[in-house]
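K.L.:
Position 328 of the sequence shown, counting from 1, maps to 328 under the UniProt record's numbering, and the rest follow consecutively.
A couple of the hints might just be wrong.
Within a straight-line C-alpha distance of at most 25 Å, the following computed DSS-like cross-link-like pairs (lysine-lysine) qualify [claimed, not checked]: (1) Lys153 with Lys243; (2) Lys181 with Lys243; (3) Lys387 with Lys617; (4) Lys153 with Lys166; (5) Lys369 with Lys387.
Label-pair restraints from in silico Cβ distances [said to hold, decoys possible]: (6) Ala310 with Asn593: 16 to 26 Å; (7) Tyr228 with Asn561: 44 to 54 Å; (8) Arg592 with Glu430: 45 to 55 Å; (9) Arg403 with Ala200: 22 to 32 Å; (10) Ala442 with Tyr498: 14 to 24 Å; (11) Ala442 with Asn237: 28 to 38 Å; (12) Ala558 with Arg403: 37 to 47 Å; (13) Gly341 with Gly263: 47 to 57 Å; (14) Pro194 with Thr420: 50 to 60 Å; (15) Pro260 with Gly585: 51 to 61 Å; (16) Glu576 with Ala470: 12 to 22 Å; (17) Pro194 with Gly262: 12 to 22 Å.
Simulated from the structure, these hints should not be mistaken for laboratory data. Cβ atoms here follow ideal geometry from the backbone N, Cα and C, with glycine treated the same way.
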Amino acid sequence: MKQIAEKKKLLSTILDSSIHNEQEPLSGQSDGSLSNLNANAEVTEIGYGSSQQSEFDTTYGESIYNQNEYYESSKHDGTDFSENYQYNSFPRAARSVYELEADNGMKQDYGVQLSQVSEHEQSVNEGTNDDASGGVDVMNVILVAAECAPWSKTGGLGDVAGALPKALARRGHRVMVVVPKYGDYEEPQEIGEPRSYLVAGQDMEVKYYHAYIDGVDFVFIDNPVFHYVQSEIYGGNRTDIWKRMVLLCKAAVEVQWYVPCGGFCYGDGNLVFIANDWHTALLPVYLKAYYRDNGFMPYARSVLVIHNIAHQGRGPIDDFSYLDLPGHYMDQCKLYDPFGGDHLNIFAAGIRAADRLLTVSHGYAWELKTPDGGWGLHSIINENDWKFQGIVNGIDTTDWNPRHDVHLQADGYTNYSLETVQTGKAQCKEALQKELGLPVRADVPVIAFIGRLDHQKGVDLIAEAMPWIAGQDVQLILLGTGRQDLEDTLRRLESQHYDRVRGWVGFSVRLAHRMTAGADILLMPSRFEPCGLNQLYAMMYGTVPVVHAVGGLRDTVAHYNPYEEVGVGWTFEKAEANRMIDALGHCLNTFRNYRSSWEGIQRRGMMQDLSWDNAAKLYEEVLLAAKYQWMVRVAQADLLLPDPNNRIKCEFWVYLLDKHSGWGFSWKEVNVRRKIQGKRRAFF
Numbered sequence: 001m002k003q004i005a006e007k008k009k010l011l012s013t014i015l016d017s018s019i020h021n022e023q024e025p026l027s028g029q030s031d032g033s034l035s036n037l038n039a040n041a042e043v044t045e046i047g048y049g050s051s052q053q054s055e056f057d058t059t060y061g062e063s064i065y066n067q068n069e070y071y072e073s074s075k076h077d078g079t080d081f082s083e084n085y086q087y088n089s090f091p092r093a094a095r096s097v098y099e100l101e102a103d104n105g106m107k108q109d110y111g112v113q114l115s116q117v118s119e120h121e122q123s124v125n126e127g128t129n130d131d132a133s134g135g136v137d138v139m140n141v142i143l144v145a146a147e148c149a150p151w152s153k154t155g156g157l158g159d160v161a162g163a164l165p166k167a168l169a170r171r172g173h174r175v176m177v178v179v180p181k182y183g184d185y186e187e188p189q190e191i192g193e194p195r196s197y198l199v200a201g202q203d204m205e206v207k208y209y210h211a212y213i214d215g216v217d218f219v220f221i222d223n224p225v226f227h228y229v230q231s232e233i234y235g236g237n238r239t240d241i242w243k244r245m246v247l248l249c250k251a252a253v254e255v256q257w258y259v260p261c262g263g264f265c266y267g268d269g270n271l272v273f274i275a276n277d278w279h280t281a282l283l284p285v286y287l288k289a290y291y292r293d294n295g296f297m298p299y300a301r302s303v304l305v306i307h308n309i310a311h312q313g314r315g316p317i318d319d320f321s322y323l324d325l326p327g328h329y330m331d332q333c334k335l336y337d338p339f340g341g342d343h344l345n346i347f348a349a350g351i352r353a354a355d356r357l358l359t360v361s362h363g364y365a366w367e368l369k370t371p372d373g374g375w376g377l378h379s380i381i382n383e384n385d386w387k388f389q390g391i392v393n394g395i396d397t398t399d400w401n402p403r404h405d406v407h408l409q410a411d412g413y414t415n416y417s418l419e420t421v422q423t424g425k426a427q428c429k430e431a432l433q434k435e436l437g438l439p440v441r442a443d444v445p446v447i448a449f450i451g452r453l454d455h456q457k458g459v460d461l462i463a464e465a466m467p468w469i470a471g472q473d474v475q476l477i478l479l480g481t482g483r484q485d486l487e488d489t490l491r492r493l494e495s496q497h498y499d500r501v502r503g504w505v506g507f508s509v510r511l512a513h514r515m516t517a518g519a520d521i522l523l524m525p526s527r528f529e530p531c532g533l534n535q536l537y538a539m540m541y542g543t544v545p546v547v548h549a550v551g552g553l554r555d556t557v558a559h560y561n562p563y564e565e566v567g568v569g570w571t572f573e574k575a576e577a578n579r580m581i582d583a584l585g586h587c588l589n590t591f592r593n594y595r596s597s598w599e600g601i602q603r604r605g606m607m608q609d610l611s612w613d614n615a616a617k618l619y620e621e622v623l624l625a626a627k628y629q630w631m632v633r634v635a636q637a638d639l640l641l642p643d644p645n646n647r648i649k650c651e652f653w654v655y656l657l658d659k660h661s662g663w664g665f666s667w668k669e670v671n672v673r674r675k676i677q678g679k680r681r682a683f684f
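Work out the full structure, taking the sequences as your base and the hints as a guide.
P.N.:
Written as structure tokens, this is what we have:
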């Protein structure tokens with residue numbers, strides 16, 4: 001409660017300095033506004049909590065009078081509340097800017113422009129960068145993650161956190177990345193003042209470090225609890241991990257006020273948080289519990305991205321005290337397990353609280369809604385399906401590009417392009433064979449596996465298929481670290497087949513790049529793969545992927561069709577060794593006997609636009625949908641109350657919500673009357 005009181009005091013100062021200027025009536029509007037009581041009831045209905053009412057009063061209360069009084073006076077002056085009512089003359093509770101169009105011979109008054117955000121929303125809080133947020137679709141974006149390449153990385157999440165923000169920045173948004181500081185980094189410099197947060201009854205001081213790279217503010221949260229983990233980002237017992245993640249989320253949800261990037265803070269106007277996986281899933285919960293439930297930051301939005309549903313932040317009910325949430329949030333954090341009963345589930349709480357929910361491929365989005373793929377969270381995901389979507393990851397084409405790859409500029413390797421792929425890959429293949437002590441043979445196909453050594457990645461399937469692989473004239477190179485028994489498997493395979501197998505236990509960024517360039521085939525027999533990046537890297541380098549058709553692998557690797565000469569690789573439908581052998585056999589046959597087809601597969605893979613720029617456009621649509629969610633609900637109050645039958649308002653709101661659910665709303669001019677008439681039969 002002490003923290004909430006402190007936050008209220010801080011935010012009331014911010015709100016007082018910016019909101020009072022928005023009280024003057026708009027020119028061209030009728031001199032009235034909506035019912036204060038009904039507007040507040042509308043906000044309470046959509047779930048911001050009863051204390052939101054006071055903030056709504058502060059924002060709109062000065063010029064609001066009784067709805068019935070307005071309606072009675074309007075009847076006497078001839079106002080028409082039928083379907084032909086001119087919507088632009090409605091009194092408004094918010095400063096939404098409606099522009100009118102003429103369409104199909106109808107009066108201009110029947111159109112409404114939704115491509116502009118309300119003036120009130122643009123200037124609601126001080127500290128917002130007017131230049132960065134001046135455009136209606138330009139946002140302040142804060143991405144929060146437990147890891148970020150190149151400073152910290154255990155898997156694909158680190159790559160996403162390092163690359164997606166740069167793509168969003170290229171689209172004109174002001175973007176910050178918030179990540180723990182696990183070690184001594186060269187680029188970041190200390191910024192701002194230290195702050196303390198209460199975590200599990202203990203005051204923890206955090207310092208902020210900042211680096212501005214490629215248009216993105218990278219902010220590192222520094223505290224001794226992050227130093228001890230070093231390379232084991234997710235190491236330690238459950239309590240230690242939870243404390244680290246609670247501290248990260250508490251610091252991140254307030255970072256927009258306390259870190260003056262470029263000389264000024266982001267502020268909370270036009271703000272969207274992007275949380276990633278369970279490690280930061282508490283951020284949407286804290287945003288709601290600490291702020292929106294208390295009438296603050298009503299325009300800030302949260303998007304939660306599921307990278308791997310298997311890790312959920314589970315614990316006993318007694319651990320709820322570590323989360324530092326109000327008692328009534330217990331149910332939101334609780335999940336029933338048929339085998340273990342009720343338990344805390346941080347991922348479940350974040351899914352419920354987030355304004356939008358994303359995952360990293362269309363295929364994985366479908367899998368998450370099934371009992372097998374949802375890992376116990378499928379019911380909650382299905383309940384929130386209206387805000388759920390899959391977006392395929394991109395890759396950082398600065399680091400992963402055979403034209404400019406710095407790891408290919410020494411030791412006999414070479415950079416190459418689509419035009420020089422045949423000679424370039426041949427030279428890289430020879431250099432790779434020399435570096436690893438394999439026989440140098442241009443005619444033998446080199447098969448690579450790069451990934452974490454665990455059950456998910458299917459390394460055991462490769463071991464099971466080894467008798468068949470050993471009978472082929474191939475070379476196999478495996479790179480990864482993970483489970484001890486699988487690390488031992490790599491060592492054993494190398495010792496048993498030293499003339500054709502190399503098992504590199506550990507992880508080397510340089511070797512991963514060189515393997516991707518020098519190998520002919522990339523093998524990915526993952527049992528599940530939310531998106532997968534290695535197959536994207538492989539295609540960028542002209543290396544042909546052979547993958548299990550699951551999750552993002554199904555989305556990104558089109559199976560080769562020799563009759564139509566389409567496709568970029570081979571897929572197999574079940575995570576079984578014999579299915580993998582069948583796909584790999586077809587691949588090897590094409591490599592040896594159909595070189596023109598093989599080169600066509602390579603070219604098609606390299607010609608794809610696999611950059612983050614494409615994915616960033618789709619992320620932007622989701623961020624805008626979350627941002628305008630508030631405006632749509634205000635438009636609902638705007639249109640509903642003057643109509644005694646409540647019909648116009650209700651249909652208009654359902655239409656917009658349906659379009660959000662399908663992610664097809666373009667925020668361009670929409671003819672209200674025509675669209676409502678098309679929807680009426682479905683609801684009345």
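K.L.:
None of the hints should be skipped; say for each whether it holds.
P.N.:
Comparing the hints with the structure gives:
{"no.": "1", "hint": "Lys153 with Lys243", "result": "holds (20 Å)"}
{"no.": "2", "hint": "Lys181 with Lys243", "result": "holds (15 Å)"}
{"no.": "3", "hint": "Lys387 with Lys617", "result": "holds (17 Å)"}
{"no.": "4", "hint": "Lys153 with Lys166", "result": "holds (17 Å)"}
{"no.": "5", "hint": "Lys369 with Lys387", "result": "holds (13 Å)"}
{"no.": "6", "hint": "Ala310 with Asn593: 16 to 26 Å", "result": "violated (40 Å)"}
{"no.": "7", "hint": "Tyr228 with Asn561: 44 to 54 Å", "result": "holds (52 Å)"}
{"no.": "8", "hint": "Arg592 with Glu430: 45 to 55 Å", "result": "violated (18 Å)"}
{"no.": "9", "hint": "Arg403 with Ala200: 22 to 32 Å", "result": "violated (50 Å)"}
{"no.": "10", "hint": "Ala442 with Tyr498: 14 to 24 Å", "result": "holds (21 Å)"}
{"no.": "11", "hint": "Ala442 with Asn237: 28 to 38 Å", "result": "violated (51 Å)"}
{"no.": "12", "hint": "Ala558 with Arg403: 37 to 47 Å", "result": "violated (24 Å)"}
{"no.": "13", "hint": "Gly341 with Gly263: 47 to 57 Å", "result": "holds (52 Å)"}
{"no.": "14", "hint": "Pro194 with Thr420: 50 to 60 Å", "result": "holds (53 Å)"}
{"no.": "15", "hint": "Pro260 with Gly585: 51 to 61 Å", "result": "holds (60 Å)"}
{"no.": "16", "hint": "Glu576 with Ala470: 12 to 22 Å", "result": "holds (19 Å)"}
{"no.": "17", "hint": "Pro194 with Gly262: 12 to 22 Å", "result": "holds (20 Å)"}
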